[in-house]
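Two chains, two separate frames, one set of hints: put the complex together.
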Amino acid sequence: MSTYYFIALMNRILILFISFILFHITVFSQDKYMVYFKDKSGSTFNPYTYFAPKAIQRKLHAHISMADSTDFPLNNDYVTAIHDIATTTLGTSRWFNAAVCLANEEQIQEIQTLPFVKDVEILASQKRVSSLEIDIHSASDFAKTLNGQTQSLGHPLFKLNDYEGQGMRIAIFDVGFKAANILGELHHIFTANHVIKTYDFVKKETLRFDKGGSHGTMVLSCIAGIYDDTNMGMAPQAEFLLARTERLITEFGSEEENWLFAAEWADKNGADIINSSLGYTTQRYYQHDMQGSTALVTRAANFAASKGILVISSAGNEGTSLWKTIGAPADADSVLSVGGIEPSLGYHSKWSSYGPTADKRLKPNVSAYGTAAVASKNGVELNSGTSFSSPLIVGFAACAWQAHPEYTNMEIFEELEKSATLYPYFDYVHGYGLPQANYFLEDNNIVKDIQPTFSYSLDKNILTITINDSLESPKDSMLLADSLVAYSNEKRFSVPDYVYLHVENENGTLDKYKIIRPKGSKGGSINIKPLKGKTIRIYYKHYIEELYVE
Amino acid sequence: MWNKFILLFFLGVSLIAQGQDTVLEQDVNQQLENMDQGLGSAKHLMASSNKFGFYLSSIYENDSIRTKSGSFVFDLGMQELWRLGNHFMAGYNWEYQFNIFKVRQDSGVNLLSMNLEHDKQNLSFHQMNFGPVFRIKLKNKGNKIGQYLDLGAYGSINFGYSLFSRDQVDPTINNGARTIETKQLRLDYINRWSYGVEAVLGQNSLNFWAKYRLSNSFKTSNNINNGNLLPELPRLFLGIGFSVASIPGSKVND
Chain A
1 MSTYYFIALM
11 NRILILFISF
21 ILFHITVFSQ
31 DKYMVYFKDK
41 SGSTFNPYTY
51 FAPKAIQRKL
61 HAHISMADST
71 DFPLNNDYVT
81 AIHDIATTTL
91 GTSRWFNAAV
101 CLANEEQIQE
111 IQTLPFVKDV
121 EILASQKRVS
131 SLEIDIHSAS
141 DFAKTLNGQT
151 QSLGHPLFKL
161 NDYEGQGMRI
171 AIFDVGFKAA
181 NILGELHHIF
191 TANHVIKTYD
201 FVKKETLRFD
211 KGGSHGTMVL
221 SCIAGIYDDT
231 NMGMAPQAEF
241 LLARTERLIT
251 EFGSEEENWL
261 FAAEWADKNG
271 ADIINSSLGY
281 TTQRYYQHDM
291 QGSTALVTRA
301 ANFAASKGIL
311 VISSAGNEGT
321 SLWKTIGAPA
331 DADSVLSVGG
341 IEPSLGYHSK
351 WSSYGPTADK
361 RLKPNVSAYG
371 TAAVASKNGV
381 ELNSGTSFSS
391 PLIVGFAACA
401 WQAHPEYTNM
411 EIFEELEKSA
421 TLYPYFDYVH
431 GYGLPQANYF
441 LEDNNIVKDI
451 QPTFSYSLDK
461 NILTITINDS
471 LESPKDSMLL
481 ADSLVAYSNE
491 KRFSVPDYVY
501 LHVENENGTL
511 DKYKIIRPKG
521 SKGGSINIKP
531 LKGKTIRIYY
541 KHYIEELYVE
Chain P
1001 MWNKFILLFF
1011 LGVSLIAQGQ
1021 DTVLEQDVNQ
1031 QLENMDQGLG
1041 SAKHLMASSN
1051 KFGFYLSSIY
1061 ENDSIRTKSG
1071 SFVFDLGMQE
1081 LWRLGNHFMA
1091 GYNWEYQFNI
1101 FKVRQDSGVN
1111 LLSMNLEHDK
1121 QNLSFHQMNF
1131 GPVFRIKLKN
1141 KGNKIGQYLD
1151 LGAYGSINFG
1161 YSLFSRDQVD
1171 PTINNGARTI
1181 ETKQLRLDYI
1191 NRWSYGVEAV
1201 LGQNSLNFWA
1211 KYRLSNSFKT
1221 SNNINNGNLL
1231 PELPRLFLGI
1241 GFSVASIPGS
1251 KVND
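Residue numbers (our numbering), protein chains in the order written: chain A, 1 to 550; chain P, 1001 to 1254.
Chain P with its partners taken away, still in its complex shape (with noise of 0.2 angstroms):
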């Protein structure tokens, strides 16, 4: 035993002697091999996006719910990119999205209550998205991410649903009450799933988003509406969005 650690010492010794102190070495044909890796031709992205959308209140389907002005969905996620070609990348997208329903209450198409028109309605909740990325890269300026065209479908998971309701009342008949405000929440009827597609046109840090659900947000088998489907609501969000890109373990970003 004694005699391996004797000779691992000399062994050791003879290496710390012999051993030069290289402080600085540039292999130059290897660093410019390595040039260009900008945000346009980078191998690798992430990106941090927020996006802001409305319902399209012009294509909804028959029967649908109509949502008022105010309406809207928020979305703030990641998203992680590798190149294929010079043209292409694909990768992956996750994002929280938040959305509220302002449902209108003089369409004749109402959520709940459907004898009962409330001065406001909205219907609020709360999901996690995630799903494959492909990116068109379309035009690159420089070295900056230049414009592209992402098209992506994504699978969501839902959570905190609520539905608040707002009525102004006649105080005589309501205890001295002028406004009656109620809050439903844990809804049953709400699918916890959900999926669809996406597309986004960017430029740069700017992008153009839609978003299309496939899913029904309502469950086929409820018992608040006599049995029957709920109105489904709006399918389709267009927005616009604000995304910073840059290239893991660099300085470099857009």
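Bound-form chain A, shown alone (with noise of 0.2 angstroms):
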């Protein structure tokens, strides 16, 4: 090629380079705003003719006021105000009384200066799909993943008692649905006409099963998908509101605000429970903004709580990333959040996120298989990722919730972390542990007898702990499920018991905690000298010892 010709091709090159950046400058020199309203004078409101009947059946249950002014409409004409102002109106929220709008510096200084304008707030953040691959699986980790994921939460006893989900109506917000109609593990769920609505809140119209991402596929059958007779999910019979509030590939300005009208969406329509398998972190948000109160979609997910909904989220694949902690919204107060296990060792998945939250408080609250087995539209596989952690304690909290209806929204919550194996043992990467449905079943006023399982010696500042296993263990018991069903130690994966122990401060939060394999009796040992002040707490197969250090 010669100089002449070369030169011609940069040009080329360069022009298009230009239009890019020209491109870019015109679409980035506007911003997302959420611009909030004073007030909502003159908005008139129905509830009765607004809310589905399933919803208004959750808010007279919980309590809630069906004139509650945080459902009512906005005043048309603000909304009209902004729109005319603003290069375009994306969106209004009952719930905060404000509008999403797209604008540019002097448009948005404008809009400002309106009497109705109570505060404007930038959006712009990034989401992290709670979920990642693994290339390499046996068969025989398939078939002991797709039997433990449910499984090791108790399900054969809720399935023995009919509950699988029947009444109970959840939400799914994620990226897309791809082939969910046209999957055999899904199919009972469409023949029996169980999603009930769907909408696309990036297109704002009707979903389309034959576009977007399968993430929300796969997030699906972990709540309801069934795969050669065994349950991949603990609720097949629920009901579905399908919810696509982000795309699939990074955009350059997320949508948050799509997951707000998504969770007044699922509201309106009588969602008794959400599933968030999406997470928000590194692009707006530091860690110290985990705190429960600052990205939109945690206070969006608090106002769903607050309606009586129960939000499950997952706590995200950032375990291994230099962000390392939960990202929004499981850092609300009143999401249970969701942490991922290694199937094959019984314990924390390493990518899986750690808790606590920037205030300290207790994330994630419970935890599930991080691998699981799920449907997309490339067959059934195993995948990871707290994505599917969350999607399978929504199927058991619909199980519980069905036979438990009398709770509310939040007293099944305590009572999803009161079931879990490791309570009223915690740590921040586990919270309680995995749900258990015998607890559901059982009567629990009945005060149970657990002999201890261990023991411990303090010797020169050194706390050693010595197993005992000659005891019965009562994890045994709790696992009686095991014998109402076909389900041999060759299908699921045969992990050790762990001794767990965490050092806890005077303020309630805990400064360290640890995991250790016994070798025979030996369960490990501490130096308590710079632990002065301080409770230590230890859990081996359901007993717990607690000490303090004087």
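FYI, nobody ran anything at the bench for these hints, they're computed from the structure. Every value quoted in this text rests on a predicted model; they were computed, and no experiment measured them. Each residue gets a CB set at the ideal place from its N, CA and C atoms; glycine is no exception. Among the hints, a few may not be true.
[What the hints assert, rightly or not] Chain A is nowhere near these chain P residues, computed Cβ spacing over 10 angstroms in every case:
id	residue
1	Ser1048
2	Asn1086
3	Lys1137
4	Gln1147
5	Ile1157
6	Asn1158
7	Asp1170
8	Asn1191
9	Trp1193
10	Ala1199
11	Leu1201
12	Lys1219
13	Thr1220
14	Leu1238
[Stated by the list, open to error] According to the in silico footprint, chain P covers these stretches of chain A (three or more CB under 8 angstroms from chain P):
id	segment
15	319 to 329
16	353 to 362
17	499 to 513
Written out as structure tokens, the structure is:
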């Protein structure tokens, strides 16, 4: 190629590049803003025509006012005024009494001067879909994971009692549900007309199953999928509201507001539970923002909980990244955040995000398998991420709530924590551990006599734990459900029982925690000299010892 | 000798027997101390850079070479920065730069062949730049890089020079050829080394930059212009760039 033609080629590349940059400048000189209004003057509202009967039923059960001003529509004049000034209006929120718009610096300054505008907040963030791909799995791993993902939560007990999510309505917010309507694993949901409503909040149209990502399809399968007569999720009889709130590929300015719009839509259409397998982290937020009130999606999740909805979110997959901690909305205090455990090890998957929140509240609250058999357009395969831990707990929660309809959303939240394997012990990667079905089917007022499974001794500031394996493990009786189905050891991972130990400070938050794999009768040791004034708790096979270091 | 081996063996066995198998241990306070290491507050940043620029024609020096539109500079490089307090960073840049000067033939100041105007005359060369950079963080937006001003200097090694010219000619007196192109390589009159200063005003991944070359492009002594200095190439370049920053060893990027 001669220099002349090379230069001509470079000129063309240059023009293309400049066009790209100009496009970039044009688009990104504008930001997305949330404009809050001072009041809703002049708006009228009839809750009985606005809410679906299922939503009214939920609100009455939870003693939530039907004339709540946060459900009233916005003042149309206010919205029109914003629309006239801004480049475009992207939507409105009744809960926040706000409009979301795209505007440049001058436009937003003009909007701020309007007498009915209370506040303006800039929005821009990037979501992380909480799933990871793992390439290599053996067929044996597949069978064990498929069986274990629900049986580790005690699924056979719920199934035996016919608790499969009947009458529960679950909303899923995700990046797309491609092929969900044609997969055999989800066929029963569609033939039973259990997909009540769908909406694409990205494109503002009815959801299409032939487009978008299939992450939501995988999530749905972890709630309600059935593969070869084996449950992938625990609530195959539940009803569903499917909302696309995010694009699959990383966008320049993502759509937390779509999550909010979808939550209001889910509330209106009678959702009992929301599953969110999306996490919002680095692009807009610092870790110190993960304190339960900063991110829009966190505030929206808390709002949804205040409407009587049980909101369940993946903790995130940032455990091995610099971010490390949970993402929004898993930091919300009214959101049940779910961490992932590695099925073959029986404890924390290293990539599952760590708690606590920035203000040191316990997160995640509970755990489930972090690797699960999921259905997607490519068939059934193993996939990893807290994206799948969360819907496994959603399916569980639907059955538990079905078994105890007397509970409100926050009561079932607490009971889910109490039912978990480690409770009342906790740490910041497992929460209280894996919820167990038997808790919801037994009389929990009966005090159980749990024999000590270990003892400890002190010698020169070294606390030594000694395992007492001669006693029958209470855990064995909790897995009574195993005998109710053809459930052999070959079909699940065999994992050891671990010693869990944490150190709590005088403020009630943890300073450190560890998990020890016992060797024979040796359950580990810890130097307590630097722990004066702190409380040590040790857990082994449902028995907990607590000691205060003086 | 054997005694030592036996002693070491029993010591090893004893340690294994005594040791506890801690599969997970987390110090919460240490974890919280390490928070907020996002792009806006990173202790250590690396960034790729991709720049396009033009030679500014309005402030040419007297007797310098005029260039036509279509002349440009293209950079591809990397930057590494370390935090100096909350508002400053310092580090280095290195980049490959490609220069095309489309020399105007009607300005009265020509590069070579002063008495001959070509239909086209392009001087091109490559250079590798390296130099220090000092960053002033103007405004962080959330966890993003935010707005910043980089001030730096660079030294370059130049290579791969070529001077291309093209003329439409009368085929009847040029052996039937309508166009004659010539390309001169390995130009001895260009300085191998150059240096200058630069400034970059950026917001997240987008930036505007300016470079000013302090050194002369051409050697002071040469035998191609009757021993006189060649007219100088433009010194000021302005451009736009695109940069992707990341924190080494993490997934955090912008």
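Consistency of the hints with the structure:
No beta-carbon of chain A comes within 10 angstroms of the beta-carbon of P/Ser1048; the shortest separation is about 15 angstroms. Its beta-carbon lying about 13 angstroms from the closest one in chain A, P/Asn1086 satisfies the requirement of being farther than 10 angstroms from that chain. Consistency note on P/Lys1137: stated as away from chain A, and its beta-carbon is indeed over 10 angstroms from all of that chain's, at 15 angstroms minimum. With a closest Cβ-Cβ approach of about 13 angstroms to chain A, P/Gln1147 is found to remain outside the 10 angstroms limit, as its non-interface label requires.
No beta-carbon of chain A is positioned within 10 angstroms of the beta-carbon of P/Ile1157; the least distance is around 21 angstroms. With a minimum CB-CB distance of about 17 angstroms to chain A, P/Asn1158 clears the 10 angstroms threshold, and the non-interface call stands. The non-interface label for P/Asp1170 is consistent with chain A: the shortest C-beta to C-beta separation is roughly 20 angstroms, beyond 10 angstroms. At roughly 21 angstroms, the least C-beta separation between P/Asn1191 and chain A is larger than 10 angstroms, which holds for a residue marked as non-interface.
Non-interface call for P/Trp1193 relative to chain A: holds, since the shortest CB-CB distance, roughly 24 angstroms, exceeds 10 angstroms. For P/Ala1199, the requirement that its beta carbon stay farther than 10 angstroms from each beta carbon of chain A is met, with the minimum near 18 angstroms. Listed as outside the interface, P/Leu1201 is consistent with that label: its C-beta sits roughly 13 angstroms from the nearest C-beta of chain A, beyond the 10 angstroms cut-off. Under the 10 angstroms C-beta cut-off, the non-interface status given to P/Lys1219 relative to chain A holds; the minimum distance is some 23 angstroms.
Residue-level check passed: P/Thr1220 sits 27 angstroms from the nearest beta carbon of chain A, beyond 10 angstroms. Every CB of chain A is more than 10 angstroms from the CB of P/Leu1238 (nearest about 13 angstroms), matching its label as outside the interface. Counting residues of the segment 319 to 329 of chain A whose CB lies closer than 8 angstroms to any CB of chain P gives 5, so the stated coverage by that chain holds, three being the minimum. Check on the segment 353 to 362 of chain A: 4 of its residues sit with their Cβ under 8 angstroms from a Cβ of chain P, so the three-residue criterion for coverage holds.
Only when three residues or more bring their CB closer than 8 angstroms to a CB of chain P does the claim for the segment 499 to 513 of chain A stand; here the count is 5, and the claim holds.
Consistency note: the structure conflicts with none of the earlier hints.
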